[in-house]
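Following the hints, complete the assembly by docking chain B onto the known chain A.
Line by line, the protein sequences are chains A and B. All residue numbers for the first sequence refer to the numbering used here, where the first residue is 602 and numbers rise by one. All residue numbers for the second sequence refer to the numbering used here, where the first residue is 2 and numbers rise by one.
Simulated from the structure, these hints should not be mistaken for lab results. It is possible that part of the hints are untrue.
To be verified - The list that follows gives simulated cross-link-like pairs (lysine-lysine, DSS-like), each with its CA atoms no further than 25 Å apart:
1. K94/B <-> K910/A
2. K910/A <-> K68/B
3. K46/B <-> K819/A
4. K832/A <-> K46/B
5. K94/B <-> K625/A
6. K665/A <-> K790/A
7. K94/B <-> K819/A
8. K768/A <-> K669/A
9. K768/A <-> K663/A
10. K910/A <-> K212/B
11. K109/B <-> K614/A
12. K76/B <-> K819/A
Because the structure is a prediction, the values reported are computed rather than measured.
Here are the chains, one letter per residue:
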Amino acid sequence: MCYTKAMALTILKRIIRAGVLNFKRSGLVSWAAVLVVTITLSVITALILFQAVLHFSLSQIKDKVDVKIYFTDSAPEENILQLKSSLEQLPEVTEVAYTSADEELRLFRERHASDYPTIQALDELGDNPLPANLGIRAREVSQYENIASFLKTDGQAVLGSPTYIYKINYYQNKLIIDRLNGLIAGAQKLGFLITLLLVLISIVITFNTIRLTIFISKEEIGVMRLVGASKMHVRGPFMIEGAIYGIIATLITLFLFLPATFWLGRNMTLFLGINMYDYYLANFFQIFAILLLSGVVLGIISSFLAARKYLNK
Amino acid sequence: MIYFNNVSKVYTDATALVDVTFTVEPGEFVSIVGHSGAGKTTLTKLILSEEAPTEGTVFFESLNVHKLRGDELTKLRRRIGMVFQDFKLLPNKTAYENIAFAMEAVGKTDEEIQSDVPHVLELVDLTHRLSHFPHQMSGGEQQRLAIARAIINQPELIIADEPTGNLDPVNTHEIVQILKRINDLGTTVILATHNRGVIESVDKRVITMEKGKIIRDTKENKHPK
Numbered sequence: 602m603c604y605t606k607a608m609a610l611t612i613l614k615r616i617i618r619a620g621v622l623n624f625k626r627s628g629l630v631s632w633a634a635v636l637v638v639t640i641t642l643s644v645i646t647a648l649i650l651f652q653a654v655l656h657f658s659l660s661q662i663k664d665k666v667d668v669k670i671y672f673t674d675s676a677p678e679e680n681i682l683q684l685k686s687s688l689e690q691l692p693e694v695t696e697v698a699y700t701s702a703d704e705e706l707r708l709f710r711e712r713h714a715s716d717y718p719t720i721q722a723l724d725e726l727g728d729n730p731l732p733a734n735l736g737i738r739a740r741e742v743s744q745y746e747n748i749a750s751f752l753k754t755d756g757q758a759v760l761g762s763p764t765y766i767y768k769i770n771y772y773q774n775k776l777i778i779d780r781l782n783g784l785i786a787g788a789q790k791l792g793f794l795i796t797l798l799l800v801l802i803s804i805v806i807t808f809n810t811i812r813l814t815i816f817i818s819k820e821e822i823g824v825m826r827l828v829g830a831s832k833m834h835v836r837g838p839f840m841i842e843g844a845i846y847g848i849i850a851t852l853i854t855l856f857l858f859l860p861a862t863f864w865l866g867r868n869m870t871l872f873l874g875i876n877m878y879d880y881y882l883a884n885f886f887q888i889f890a891i892l893l894l895s896g897v898v899l900g901i902i903s904s905f906l907a908a909r910k911y912l913n914k
Numbered sequence: 002m003i004y005f006n007n008v009s010k011v012y013t014d015a016t017a018l019v020d021v022t023f024t025v026e027p028g029e030f031v032s033i034v035g036h037s038g039a040g041k042t043t044l045t046k047l048i049l050s051e052e053a054p055t056e057g058t059v060f061f062e063s064l065n066v067h068k069l070r071g072d073e074l075t076k077l078r079r080r081i082g083m084v085f086q087d088f089k090l091l092p093n094k095t096a097y098e099n100i101a102f103a104m105e106a107v108g109k110t111d112e113e114i115q116s117d118v119p120h121v122l123e124l125v126d127l128t129h130r131l132s133h134f135p136h137q138m139s140g141g142e143q144q145r146l147a148i149a150r151a152i153i154n155q156p157e158l159i160i161a162d163e164p165t166g167n168l169d170p171v172n173t174h175e176i177v178q179i180l181k182r183i184n185d186l187g188t189t190v191i192l193a194t195h196n197r198g199v200i201e202s203v204d205k206r207v208i209t210m211e212k213g214k215i216i217r218d219t220k221e222n223k224h225p226k
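For reference, chain A alone in the conformation it holds in the complex (with noise of 0.2 Å):
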C-alpha cells in the first residue's frame, strides 16, 4: 500500500465514513452501547457534583475555625500590629485580624444591644473587660499547629514578652481542630475511593459492552483479513464507532443533568449549601470536556482492544 499523504487522507476518510455507516446500520445495537456510556458519564457527572458538595461543606467548616490571640492589657498596640505582620509572612497564613480593645467592645455591644442584662452588666464594671485579640487563619485546618508553635516561641520573641498574651484559644480547641482535620482527610480519601471505585466498575461495564457489539461482527472481521484489509482498516471503524457512542453519550448526559441540577438547585440548595444548578452551568464546558474526553477514549480503547481479540485469530 502507497502510504503517500494524500492516500493517508483517504484512508481516514474511509475509516471514519465506515465506522459512521457501522453505527446507523447497527441501529439497536448501536444505541444499547450509547445507554451503557451514557450511564457511565453520569456516574462521574453525578461524582463531580458529589465532590463539589464535599469541598464545599468541607471548606466552610475549615472556615468557621480559627486560633485567636488575646492579649492581656499592658500590651502595647506596636507589638501586636508586629507581630501581625510578622505572622502575615508565614506561608500557612492566609488572614491575620487585629480587633483592638475598644474594637471588641464595641462589636460586643452591638452583638447584645437587645440582651438589656448583660450591657447592664458591662456598665457596671466601667472599666472594658474585654482583651485585644489576633484572628488567625490558616490555609489547612492541619496548619494550625505550626502556627501555635510558632507564637510560642519566635512570635514571643516579637511580642517583646509573653506575659503580653493573656491567652491562646487554640489550646482550648486543640481537640475539635484535630478531630476535624481527621474528619477532613477521612472524607475526601472516602470521597475518592469510592470515585474510584464507581469509574472502575463503570468502565468494565462499558468495556464488556462494546465487547459485545463487537462479538456480533466477529465474522466480519475474519472476512476483512481474508479480502486482504490490513488490521488498521478493519479495526478504524470500530473505534470510530466507540468514539461516537462517547460523543452522543456525552451529550444526552450533558442534557439530563440539566433539569436534573435544576431540581437539585431548587429543592436542596440549603441542604446541599451549595446551589447546584449555578454550580453546574459555572463549570458547564470543564465537565462537558472532561465527559467528552473520558467517553471518547472509553469507547475508542474498548473498542481497540475488543476488536484486537479477533483480528489476530
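Below, chain B without anything else, positioned relative to chain A:
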C-alpha cells in the same frame, strides 16, 4: 505456482491431510474433489495460512506461506481471491460496498473504485443489485457477488471452496461458467467441490482426495478414468 511438499495436518481430534504432495502451474484450472471431510477445505486454508501444517511446507511461488508474518501475510492474501460455500460477504455492506471494501483494502483510489466496481458488477450480471444488502439477494446472486469481489483486484489465483454447495443446478452452472471465463483470462483457479457434475462440466485437471490423501490426479495419469 503452488507447491505442497509432503504436507500433513493433524487436528487434536482428527487427521485432515496425510503426506500430500502436488504442484499447481500458473494458468491452470484444478478441481479438487472428494467427500466432506476428505481434506479439501483444510487444503485451501493451508494456502491462505489460515491453518499451519503439522508437517511439510506450502510454497506460493518462492514464498513459504507459513513463515510469513503480519504484513507479508496480508500482502499474500491480496494476491489470492477467495470464494466460499457460505459466500462470506459483509452483511452490513451493500453489494457495491462489499466490492469497494476489497479495493480499499489494497489501497485503490476513489476514482479507481468508482470506475471498476460497476464494471465488475456488470460482469457477474448484478448491476441491478448495486445498493442491495446480501440478505436481500438470492444465493446465486450472493455467490456471484462473492466472485466479483474475489476477482476485483486481479488476483493471480482464485480459490473456490465448494462455491456451488448452496446453489441449485442453474446457478451452479452459471458459477462454473464464470470461473471458467476467469481462467480463460489467465487467472489460476483452484476449485474444491464434492459435486461430480461440476467436475465434468469443467473438464480440466482433477485431483481426487479421500481421507486426507490424494488418490488420483488426472494430470499425473496415476489412475486412468
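Right, here's what the structure says about each hint:
1. K94/B <-> K910/A: Distance ~22 Å between K94/B and K910/A Cα, so the pair holds.
2. K910/A <-> K68/B: holds, 22 Å
3. K46/B <-> K819/A: holds, 18 Å
4. K832/A <-> K46/B: Roughly 20 Å between the alpha carbons, so the hint for K832/A and K46/B holds.
5. K94/B <-> K625/A: holds, 12 Å
6. K665/A <-> K790/A: With a Cα-Cα distance of about 22 Å, the restraint between K665/A and K790/A holds, given a limit of 25 Å.
7. K94/B <-> K819/A: holds, 15 Å
8. K768/A <-> K669/A: holds, 8 Å
9. K768/A <-> K663/A: holds, 22 Å
10. K910/A <-> K212/B: violated, 33 Å
11. K109/B <-> K614/A: Between K109/B and K614/A the Cα gap is close to 14 Å, so the pair holds against 25 Å.
12. K76/B <-> K819/A: holds, 22 Å
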